[in-house]
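We have chain H; now place chains V, Y and E onto it with these hints.
There are 4 protein chains.
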Amino acid sequence: MSVIQDNGLILIIFKDRKYLKRITEGQSFHGKGGALNYSDIIGKAYGIRIGEYDIYEPTTEDIVMYAFKRETQIIFPKDSSFIVFKINAKSGSRVLEVGTGSGALTYMLAHTVGPQGKVVTFELEERHYKNARKNIEKYGEWGNVELRNEDVTDYFDGGFDAAFIDVREPWICLEKVRSLMKESASVGMIVPTANQISELLKGLQGGGFGHIEVMEIMHRKYKTVAERVRPQDRMIAHTGYLVFARKIDPL
Amino acid sequence: MSVIQDNGLILIIFKDRKYLKRITEGQSFHGKGGALNYSDIIGKAYGIRIGEYDIYEPTTEDIVMYAFKRETQIIFPKDSSFIVFKINAKSGSRVLEVGTGSGALTYMLAHTVGPQGKVVTFELEERHYKNARKNIEKYGEWGNVELRNEDVTDYFDGGFDAAFIDVREPWICLEKVRSLMKESASVGMIVPTANQISELLKGLQGGGFGHIEVMEIMHRKYKTVAERVRPQDRMIAHTGYLVFARKIDPL
Amino acid sequence: MSVIQDNGLILIIFKDRKYLKRITEGQSFHGKGGALNYSDIIGKAYGIRIGEYDIYEPTTEDIVMYAFKRETQIIFPKDSSFIVFKINAKSGSRVLEVGTGSGALTYMLAHTVGPQGKVVTFELEERHYKNARKNIEKYGEWGNVELRNEDVTDYFDGGFDAAFIDVREPWICLEKVRSLMKESASVGMIVPTANQISELLKGLQGGGFGHIEVMEIMHRKYKTVAERVRPQDRMIAHTGYLVFARKIDPL
Amino acid sequence: MSVIQDNGLILIIFKDRKYLKRITEGQSFHGKGGALNYSDIIGKAYGIRIGEYDIYEPTTEDIVMYAFKRETQIIFPKDSSFIVFKINAKSGSRVLEVGTGSGALTYMLAHTVGPQGKVVTFELEERHYKNARKNIEKYGEWGNVELRNEDVTDYFDGGFDAAFIDVREPWICLEKVRSLMKESASVGMIVPTANQISELLKGLQGGGFGHIEVMEIMHRKYKTVAERVRPQDRMIAHTGYLVFARKIDPL
Chain H
83 MSVIQDNGLI
93 LIIFKDRKYL
103 KRITEGQSFH
113 GKGGALNYSD
123 IIGKAYGIRI
133 GEYDIYEPTT
143 EDIVMYAFKR
153 ETQIIFPKDS
163 SFIVFKINAK
173 SGSRVLEVGT
183 GSGALTYMLA
193 HTVGPQGKVV
203 TFELEERHYK
213 NARKNIEKYG
223 EWGNVELRNE
233 DVTDYFDGGF
243 DAAFIDVREP
253 WICLEKVRSL
263 MKESASVGMI
273 VPTANQISEL
283 LKGLQGGGFG
293 HIEVMEIMHR
303 KYKTVAERVR
313 PQDRMIAHTG
323 YLVFARKIDP
333 L
Chain V
83 MSVIQDNGLI
93 LIIFKDRKYL
103 KRITEGQSFH
113 GKGGALNYSD
123 IIGKAYGIRI
133 GEYDIYEPTT
143 EDIVMYAFKR
153 ETQIIFPKDS
163 SFIVFKINAK
173 SGSRVLEVGT
183 GSGALTYMLA
193 HTVGPQGKVV
203 TFELEERHYK
213 NARKNIEKYG
223 EWGNVELRNE
233 DVTDYFDGGF
243 DAAFIDVREP
253 WICLEKVRSL
263 MKESASVGMI
273 VPTANQISEL
283 LKGLQGGGFG
293 HIEVMEIMHR
303 KYKTVAERVR
313 PQDRMIAHTG
323 YLVFARKIDP
333 L
Chain Y
83 MSVIQDNGLI
93 LIIFKDRKYL
103 KRITEGQSFH
113 GKGGALNYSD
123 IIGKAYGIRI
133 GEYDIYEPTT
143 EDIVMYAFKR
153 ETQIIFPKDS
163 SFIVFKINAK
173 SGSRVLEVGT
183 GSGALTYMLA
193 HTVGPQGKVV
203 TFELEERHYK
213 NARKNIEKYG
223 EWGNVELRNE
233 DVTDYFDGGF
243 DAAFIDVREP
253 WICLEKVRSL
263 MKESASVGMI
273 VPTANQISEL
283 LKGLQGGGFG
293 HIEVMEIMHR
303 KYKTVAERVR
313 PQDRMIAHTG
323 YLVFARKIDP
333 L
Chain E
83 MSVIQDNGLI
93 LIIFKDRKYL
103 KRITEGQSFH
113 GKGGALNYSD
123 IIGKAYGIRI
133 GEYDIYEPTT
143 EDIVMYAFKR
153 ETQIIFPKDS
163 SFIVFKINAK
173 SGSRVLEVGT
183 GSGALTYMLA
193 HTVGPQGKVV
203 TFELEERHYK
213 NARKNIEKYG
223 EWGNVELRNE
233 DVTDYFDGGF
243 DAAFIDVREP
253 WICLEKVRSL
263 MKESASVGMI
273 VPTANQISEL
283 LKGLQGGGFG
293 HIEVMEIMHR
303 KYKTVAERVR
313 PQDRMIAHTG
323 YLVFARKIDP
333 L
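Protein chains in written order, with the working numbering: chain H, 83 to 333; chain V, 83 to 333; chain Y, 83 to 333; chain E, 83 to 333.
Source of the hints: derived by calculation from the structure; they are not laboratory data. It cannot be assumed that every hint is accurate.
Pairwise CB distance ranges (calculated) [said to hold, decoys possible]:
no. : chain 1 : residue 1 : chain 2 : residue 2 : range
1   : Y       : Q155      : H       : E257      : 23 to 29 Å
2   : Y       : K220      : V       : I318      : 42 to 48 Å
3   : H       : G288      : V       : N119      : 27 to 33 Å
4   : H       : P197      : E       : A308      : 50 to 56 Å
5   : H       : K97       : E       : A308      : 31 to 37 Å
6   : V       : R250      : H       : E257      : 35 to 41 Å
7   : V       : Y148      : H       : G288      : 23 to 29 Å
8   : Y       : I318      : E       : Q155      : 44 to 50 Å
9   : V       : R250      : H       : H112      : 42 to 48 Å
10  : E       : E295      : H       : Q155      : 23 to 29 Å
Below, a sample of chain V positions facing chain Y; criterion: calculated Cβ distance under 10 Å [stated by the list, open to error]:
no. : residue
11  : T275
12  : A276
13  : N277
14  : S280
15  : V307
16  : V311
Fair warning: this is a prediction, and the values are worked out from it, not measured in the lab. Beta carbons are placed, not taken as given, at the ideal position from N, Cα and C, and that holds for glycine.
Extracted from the complex, chain H is given alone in its bound form (with noise of 0.2 Å):
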């Protein structure tokens, strides 16, 4: 059983509405749902509905989501779920992300690598790079995470078993990010415009790399009413492409 605690993290649902709060005893949350005294729910169990307030543990979506500070667009889920997925990280991966943003794949990587693994992630823009170290340094749990506030290209310790790039031109730091990946290891890329994955697939095809995929991801919502399945009236209709390839040599 997860307790609420005083100073710890939690969810509200109000409707259609959440709100992530770290809370403190004596205090409380004022919405249109009323006054939530924080006092009356420390010490309970996560997962309770009091009045019109539904109050949960944060996920790691929920912590992305609610409670980062954006100063860039942020990878949605949908994707980031799918990225971590392909570049294949896993429990004791290293992982070399290359334009931090405001941290929200860095941090669902870092959940992904564990304790035992490790992300490093560079960004160049110093108010970005201070935004995500807040985001990560509030809400991240194991210390896995070197952000660099600087440039990949003077980076040489090698040997990443993943790799990401989220910046505007990722084809110019694509041999260097190779130099830096174990044979057969993935990178994946996001791009939002098609002119990019263009330059991309020129890039990736122009040597060292295989298995190059290209690729978007739609995500749908239905409303919940049980006699009347339907999708809600409006969905994002893009947030990026990606593209993974692997790196490979000659025999």
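The following block gives chains V, Y and E in isolation, referenced to the frame of chain H:
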């Protein structure tokens, strides 16, 4: 560096075809690209191109998609990677699965929860149970999967961090599964038809569950020609609807 | 050459906004692009750029989307253009419509069947009937629409070339509509929910219909920047499911 | 009532298969449902079930999809019905088409503009031109199509109400097509790749066009079992991107 070993697994890619093989010294693979003598590659690093064959170290996806013997419709990576994420399975989690099928999701869950975690999975049909057991035994790593050829009804060792149901009438075992879940934990379900969504919603809304979500994930692959960026001609239009909910109790 | 006339219709586009106006000599339009004096454009050809305003001759789409007053959810062009085609309405056809709604499909059918054809449309709710009548009277051209504020049950003048039903429970009037259709004619229906598809299929399969089809059409718009080709961020995820069938009898 | 005539067209549906035949007294159709003697049905109304065969009067869709001989990739109904609508072709319109292909869209345009309208269509490749002419001659009704086995460059009889371009490099003939269009008229284009969208946008934005739109239409079919409402397993993922624009001039 991962080295190709005698009795190890390799993924062979020849044009658009993929083969997953356990290799033995002295034997060879015969495909449209000619013969591949395993003795030529044993002892080499993975990630090598030899003739028209590309040889990679198999990823979790490769194993599930190209090695697993399928007795049932498997849950595809586009869905399973999202499911693992949505039910918040992570390093160390104890996860309940009802409906092992061919064991594809089981295997992915096992990889996610790692050596400190556990997957307990139920399959009523003996034929499927035996097939799944073979798949898991052949490719699983950590002995963290407990396959049970029995009804979940007779199981009482609760406290699961997460649950997933993949049976024809998931609403029948909802209450039982709920009783085995930790407070605040997430349960996922997959159903192929809209009629089943309707039944499931009735069951979930009957009590004890909150934060109900219904969705579908569409996966669209693109061709990989830089000068002609475009989706492939055909795609998988439907695998199943995903349903998620969380355990909740009145305060 | 089509010339802009006093009391004629114009479509004004200013950036992403569109306005459909009936113009009067001496009056003007006031938008974010400043004032547009109608006197400056009357007598000119359509298709002119004046300041930041683009002035076009309205198409059928423009009229339905930007001029029609909506009292109900209208059938969108992506669906209505396909419906008109699937029920095989053409120049000279006599078409039955049950559920006029705001008259959007009615108007498109009227355009398709032309002066030699006829659309007979039924709307029970007086408020919707009056609104649709206003829309059709204002923008229709050929007096080929017969709007009836009554139940189709009381109508007996059969022999329709095609039929369309857009009411909440289309299965209720299926038999009646069938009796009004020519042999071999097509009927189309639109329903927002999967539960309704199920009911409709039962009705259609009950007898007298063949070649049953169910489908949905998704329409995804792209941004129009040559260097950044990509879909727009959001899209309409669902309007309705389309169902089609043809009248058949045993020999 | 439409009666099946000697030398007339019929659509035969047997389970999921469709056959479009011109029938002759005394002959018969031999399929998996056995023999169908045309003499048994000549003189009967369309829309009859005889054994396991359903016999319908062919619609425009049936003719284009099941009767037309294809030498090229045809434009599918989901796209062509929308194109006809977007370029505002209607009863009486004069429409320009560049790139006849197999004549599928040509035929649909001819049906839309009717006996008072006209479709002028250009096809450079003699083989395609001949095939399209055969298709149109066999199934067209009103002699309202002018097929030209020549370049549109040498044509000067302008004033078209609408235009459509379906060639590999549509941007090359944009200016010529524009010169043949009426003021304010719409032009549509279809291109399979995103790279072509990019080129087209550059051409269109170069001048003389406004209200530029880029989109794609996805068509997803469902199974027709009332108790198991769900999409079919596979779908066509891509046919082409649709681009539309309108002719505009400075005042």
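These are the hints, each one checked on the structure:
1. Y:Q155 - H:E257: 23 to 29 Å: For Q155 (chain Y) and E257 (chain H) the Cβ distance comes to about 54 Å; the hint is violated.
2. Y:K220 - V:I318: 42 to 48 Å: Hint holds: Cβ distance 46 Å, inside 42 to 48 Å.
3. H:G288 - V:N119: 27 to 33 Å: About 30 Å separates the Cβ atoms of G288 (chain H) and N119 (chain V), which means 27 to 33 Å holds.
4. H:P197 - E:A308: 50 to 56 Å: holds, 52 Å
5. H:K97 - E:A308: 31 to 37 Å: holds, 33 Å
6. V:R250 - H:E257: 35 to 41 Å: violated, 51 Å
7. V:Y148 - H:G288: 23 to 29 Å: Taking Cβ atoms as reference, Y148 (chain V) and G288 (chain H) lie about 28 Å apart, which means the hint holds.
8. Y:I318 - E:Q155: 44 to 50 Å: violated, 28 Å
9. V:R250 - H:H112: 42 to 48 Å: holds, 46 Å
10. E:E295 - H:Q155: 23 to 29 Å: holds, 24 Å
11. T275: Constraint on T275 (chain V) satisfied, holds at 8 Å.
12. A276: Holds, because the Cβ-Cβ distance from A276 (chain V) to chain Y comes to roughly 3 Å (cut-off 10 Å).
13. N277: holds, 6 Å
14. S280: holds, 6 Å
15. V307: With a minimum Cβ separation of about 15 Å from chain Y (threshold 10 Å), the hint on V307 (chain V) is violated.
16. V311: Constraint on V311 (chain V) satisfied, holds at 8 Å.
In the structure shown, a violation is registered for the earlier hints numbered 1, 6, 8 and 15, in ascending order.
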